[in-house]
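On the provided structure of chain Z, position chain X as indicated by the hints.
Protein chains: 2
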Amino acid sequence: MFTGPIQDLIDELARLPGIGRKSAQRVAFHLLKSSDGEAKRLSDAIVTAKDRVRLCERCFNVADEAICEYCRDSRRDRTIICVVQEPPDIVAIERTREFKGLYHVLQGAISPIEGISPDDLRVRELLGRIQSPPEGVAVAEIIVATNPNTEGEATAMYLSRLISPVGVRVTRLASGLPVGGDLEYADEVTLGKALIGRRDLTD
Amino acid sequence: MFTGPIQDLIDELARLPGIGRKSAQRVAFHLLKSSDGEAKRLSDAIVTAKDRVRLCERCFNVADEAICEYCRDSRRDRTIICVVQEPPDIVAIERTREFKGLYHVLQGAISPIEGISPDDLRVRELLGRIQSPPEGVAVAEIIVATNPNTEGEATAMYLSRLISPVGVRVTRLASGLPVGGDLEYADEVTLGKALIGRRDLTD
Numbered sequence: 000m001f002t003g004p005i006q007d008l009i010d011e012l013a014r015l016p017g018i019g020r021k022s023a024q025r026v027a028f029h030l031l032k033s034s035d036g037e038a039k040r041l042s043d044a045i046v047t048a049k050d051r052v053r054l055c056e057r058c059f060n061v062a063d064e065a066i067c068e069y070c071r072d073s074r075r076d077r078t079i080i081c082v083v084q085e086p087p088d089i090v091a092i093e094r095t096r097e098f099k100g101l102y103h104v105l106q107g108a109i110s111p112i113e114g115i116s117p118d119d120l121r122v123r124e125l126l127g128r129i130q131s132p133p134e135g136v137a138v139a140e141i142i143v144a145t146n147p148n149t150e151g152e153a154t155a156m157y158l159s160r161l162i163s164p165v166g167v168r169v170t171r172l173a174s175g176l177p178v179g180g181d182l183e184y185a186d187e188v189t190l191g192k193a194l195i196g197r198r199d200l201t202d
Numbered sequence: 000m001f002t003g004p005i006q007d008l009i010d011e012l013a014r015l016p017g018i019g020r021k022s023a024q025r026v027a028f029h030l031l032k033s034s035d036g037e038a039k040r041l042s043d044a045i046v047t048a049k050d051r052v053r054l055c056e057r058c059f060n061v062a063d064e065a066i067c068e069y070c071r072d073s074r075r076d077r078t079i080i081c082v083v084q085e086p087p088d089i090v091a092i093e094r095t096r097e098f099k100g101l102y103h104v105l106q107g108a109i110s111p112i113e114g115i116s117p118d119d120l121r122v123r124e125l126l127g128r129i130q131s132p133p134e135g136v137a138v139a140e141i142i143v144a145t146n147p148n149t150e151g152e153a154t155a156m157y158l159s160r161l162i163s164p165v166g167v168r169v170t171r172l173a174s175g176l177p178v179g180g181d182l183e184y185a186d187e188v189t190l191g192k193a194l195i196g197r198r199d200l201t202d
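In the order they appear, the protein sequences are chains Z and X. Mapped onto numbering that gives the first Met the number 0, the consecutive letters of the first sequence carry residue numbers 0 to 202. Mapped onto numbering that gives the first Met the number 0, the consecutive letters of the second sequence carry residue numbers 0 to 202.
Among the hints, erroneous ones may be present.
No copy labels: a pair is met if it fits in one copy or bridges any two.
Stated by the list, open to error - In silico lysine to aspartate or glutamate, DMTMM-like type, Cα no more than 20 Å apart, as pairs: (1) Lys192 with Asp181; (2) Lys192 with Glu124; (3) Lys39 with Glu11; (4) Lys32 with Glu152; (5) Lys32 with Asp119; (6) Lys49 with Glu11; (7) Lys99 with Asp76; (8) Lys99 with Asp88; (9) Lys32 with Asp50; (10) Lys32 with Glu56; (11) Lys32 with Glu11; (12) Lys49 with Glu37; (13) Lys32 with Glu64; (14) Lys49 with Glu68; (15) Lys32 with Glu140; (16) Lys32 with Asp63; (17) Lys39 with Asp50; (18) Lys32 with Asp10; (19) Lys32 with Asp118; (20) Lys21 with Glu183; (21) Lys21 with Asp186; (22) Lys39 with Glu134; (23) Lys99 with Glu11; (24) Lys32 with Asp88; (25) Lys99 with Glu134; (26) Lys21 with Asp88; (27) Lys32 with Glu113; (28) Lys192 with Glu93; (29) Lys99 with Glu183.
It should be emphasised that the hints constitute simulated quantities derived from the structure, not laboratory data. These figures come from a predicted structure and were not determined experimentally.
If we strip away everything but chain Z, and leave its shape as in the complex, we get (with noise of 0.2 Å):
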């Protein structure tokens, strides 16, 4: 144990996910070394982003205005959205270059293990999106982007009930093999998707 204003540096880092005592050590002497700059850059960073970035009002994305830069963006499909799990699914999606709608963030996913109901989740908003558009604009279809595992399915299955009935379409992520993947390897939950997933080739 280090004391003093090292051991609370220390100890801030790591509280950090994915950052274990070990790392925090190194980051820390490495921010000790590093030029004065350097760790005010840092430091600043964390206080702006914080004062500055918040939630688009409509989609809940990170923003630094009101409303976000996909919302913003007159280019952009109104009638299709992508509900996603967290902000960084989006910058996933938007590398893809195959999406041109808008998004929706759910802030997270149901989870009854950890306590997290649809209540928890942006889930409302959704709903308030596409039975009154804040531009007018009818939404014909949702994308249901949450992950391939349990909670993200059930918040899928969820969402499917709920907004089916409204007379929206409402289509999920592909599950399969991953391209450039090997089927030797594959585990037996995702080839059986990707069986029942199969598609004619004549398409």
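Only chain X this time, still in chain Z's reference frame:
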């Protein structure tokens, strides 16, 4: 990619050692979701540590006063100095409770590949402590506790050649099998060192 203050924070975090883009993003979103207090504490801890932490004038360990806690402690044996590469090595040695002497932090190891020569380390200051001890107590032994790798070994050899002629005993930490380890799984270099360094059981 995000934009604005979030991306700035992710960029600054990703500069830290052992933190890749994915971890930086996870930490950034953790901070955004955390309480203002938690983020502020981390930000302040960085600035405070940079402001207040300095190097001990005698041993170059990190300290919040001019002289570090070990050099200040009058109960510690001034006749023996353990030489380490970095301050965290002191913490590791203290945990053994086997050493009650003083320390000297080189602030690195000799590495021709990285262009680090003895002049870049606190070698001159070590020699100064041996030749004119600040508290007048003659040094009898230098334990070289640099890392058991190429750079650490080279540094140990260099220090031995430099200090032995002064008439001070220079020792090196033993290399050998880790306690609790399994001979079958030991690498051949460690096993070789364990053989060479074997001891009489009558000790």
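Quick rundown of the hints versus the structure:
Only within a single protomer do Lys192 and Asp181 lie at most 20 Å apart by alpha-carbon distance; the minimum there is 15 Å, versus 43 Å between protomers. In this homomeric assembly, Lys192 and Glu124 never come within 20 Å of each other (Cα to Cα): the closest approach is 31 Å inside a single copy and 67 Å across copies. In this assembly of identical chains, Lys39 and Glu11 lie within 20 Å of each other by CA distance both inside one copy and across copies; the values are 16 Å within and 10 Å between. In this assembly of identical chains, the alpha carbons of Lys32 and Glu152 never lie at most 20 Å apart, being 46 Å within a copy and 24 Å across copies at closest.
Proximity of Lys32 and Asp119 under a CA criterion of 20 Å is satisfied inter-copy only: 14 Å between copies versus 43 Å inside one chain copy. Taking the closest pair of Cα atoms, Lys49 and Glu11 come within 20 Å of each other both inside a single copy (16 Å) and across two copies (14 Å). Within a single copy, Lys99 and Asp76 get their C-alpha atoms as close as 6 Å, which meets the 20 Å cut-off; across copies the closest is 71 Å, which misses it. For the homomeric pair Lys99 and Asp88, the shortest alpha-carbon distance inside one copy (15 Å) is at most 20 Å, but the shortest distance between copies (53 Å) is not.
Taking the shortest Cα distances, Lys32 and Asp50 sit within 20 Å of each other only across copies (12 Å), while inside one copy they are farther apart (28 Å). Taking identical chains as interchangeable, the C-alpha atoms of Lys32 and Glu56 lie at most 20 Å apart only when they sit on different chains, with a minimum of 16 Å there against 42 Å within one chain. Taking the closest pair of Cα atoms, Lys32 and Glu11 come within 20 Å of each other both inside a single copy (18 Å) and across two copies (16 Å). For the homomeric pair Lys49 and Glu37, the shortest alpha-carbon distances inside one copy (19 Å) and between copies (11 Å) are both at most 20 Å.
For the homomeric pair Lys32 and Glu64, the shortest alpha-carbon distance between copies (17 Å) is at most 20 Å, but the shortest distance inside one copy (36 Å) is not. Within a single copy, Lys49 and Glu68 get their C-alpha atoms as close as 18 Å, which meets the 20 Å cut-off; across copies the closest is 36 Å, which misses it. In this homomeric assembly, Lys32 and Glu140 never come within 20 Å of each other (Cα to Cα): the closest approach is 53 Å inside a single copy and 30 Å across copies. In this homomeric assembly, Lys32 and Asp63 come within 20 Å of each other (Cα to Cα) only across copies, at 15 Å, whereas the closest approach inside a single copy is 32 Å.
Taking the closest pair of Cα atoms, Lys39 and Asp50 come within 20 Å of each other both inside a single copy (16 Å) and across two copies (10 Å). In the homo-oligomer, the alpha carbons of Lys32 and Asp10 lie at most 20 Å apart both inside one protomer (18 Å) and across protomers (19 Å), since each shortest distance falls under that limit. Taking the shortest Cα distances, Lys32 and Asp118 sit within 20 Å of each other only across copies (18 Å), while inside one copy they are farther apart (47 Å). Taking the closest pair of Cα atoms, Lys21 and Glu183 never come within 20 Å of each other, the shortest separation being 37 Å inside a single copy and 28 Å across copies.
Proximity of Lys21 and Asp186 under a CA criterion of 20 Å is satisfied in neither setting, with 33 Å inside one chain copy and 24 Å between copies. With identical chains, the CA atoms of Lys39 and Glu134 are never at most 20 Å apart, being 42 Å at best within one copy and 38 Å at best between copies. Taking identical chains as interchangeable, the C-alpha atoms of Lys99 and Glu11 are never at most 20 Å apart, the minima being 40 Å within one chain and 30 Å between chains. For the identical chains of this complex, Lys32 and Asp88 are inter-copy neighbours only, at 16 Å across copies versus 35 Å inside a copy, given an alpha-carbon limit of 20 Å.
In this assembly of identical chains, Lys99 and Glu134 lie within 20 Å of each other by CA distance solely inside one copy; the values are 17 Å within and 73 Å between copies. Proximity of Lys21 to Asp88 under the C-alpha cut-off of 20 Å is restricted to the inter-copy arrangement: shortest distance 12 Å between copies versus 29 Å within a copy. For a Cα distance limit of 20 Å, the shortest separation of Lys32 from Glu113 across copies, 17 Å, qualifies, whereas the shortest one inside one copy, 40 Å, does not. Taking the shortest alpha-carbon separations for Lys192 and Glu93, neither the intra-copy value of 24 Å nor the inter-copy value of 55 Å comes in at or below 20 Å.
Taking the closest pair of Cα atoms, Lys99 and Glu183 never come within 20 Å of each other, the shortest separation being 35 Å inside a single copy and 58 Å across copies.
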